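Modelling step: build the complete structure from the supplied sequences, incorporating the hints.
Heads up: the sequence shown begins at 1 in the UniProt record's numbering, then just goes up one per residue.
The set of hints was computed from the structure by calculation and includes no laboratory data. You can trust all of the hints, since none of them are fake.
Calculated cross-link-like contacts (lysine-lysine; reagent style DSS-like; alpha-carbon spacing at most 27 Å):
| # | residue 1 | residue 2 |
| --- | --- | --- |
| 1 | 66 | 174 |
| 2 | 64 | 195 |
| 3 | 16 | 221 |
| 4 | 199 | 16 |
| 5 | 199 | 64 |
| 6 | 195 | 16 |
| 7 | 66 | 195 |
| 8 | 64 | 174 |
| 9 | 66 | 172 |
| 10 | 64 | 172 |
It should be emphasised that the depicted structure is a prediction, and the values quoted were computed from it without experimental measurement.
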Amino acid sequence: MIVEMHPYIGLVEAIKQRRAARSFSGDRIPEAVLQEILELGIQAPSGFNLQPWRFIVVREQENKDKLQACAFNQRQVGEAPVVLICCGDRRVTQIEYITSVIHLGEDVGIMTDSYANYMRSSIPEFFANHPSFETIEAWTNRHAMLAVAYMMIVAKSFGVDSCPMEGFDSAKVKEAFQIPEEVDICCLLALGYAKEPFKQYGGRFPVDRVCFNESYSEPFKFS
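Right, here's the structure in full:
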């Protein structure tokens, strides 16, 4: 049976209401809601459509306990019904993987021979020169976090709270969850239903503090 899902919080409210949950109730996330979070999350954009994000979905309590031990015993890892180990795969630079992305484009009817040839030649050159990043890990993390951000907003639209976390021992997590050497962990994402009260809203700097007009030296102002 197909369950049709409809968010019950609009986009603007989902963005405004999302907070990092520090503690979770034991209520499980319905399977259909989790599926929507994952499927809509990976609709995020990525350079050359390489989609370098990878997610290990941790739900068994034994494995959450193991992950919690790798994350400085932070309680939200053990309490949340779902924790994602969010990773970036450096192997997306390999020609075999590039070819699989080309096949994706062919399957949906948008890949031309000229663009396929462009991808085969340009992607390896781009990563060899890496003009906008120091390491491939920096590039894969950049794109993985786009998908993580999508997931947090989608989750909130379905009433599911989240907590992105960078407090963990990467080497221990990789060993405990059999993560390949070429795959890097960019964060953990705890998902579930927060215990009240939420952490108080810390405020945000105004647009004119963080946005600039045409160059970094000119403050931005709306017309």
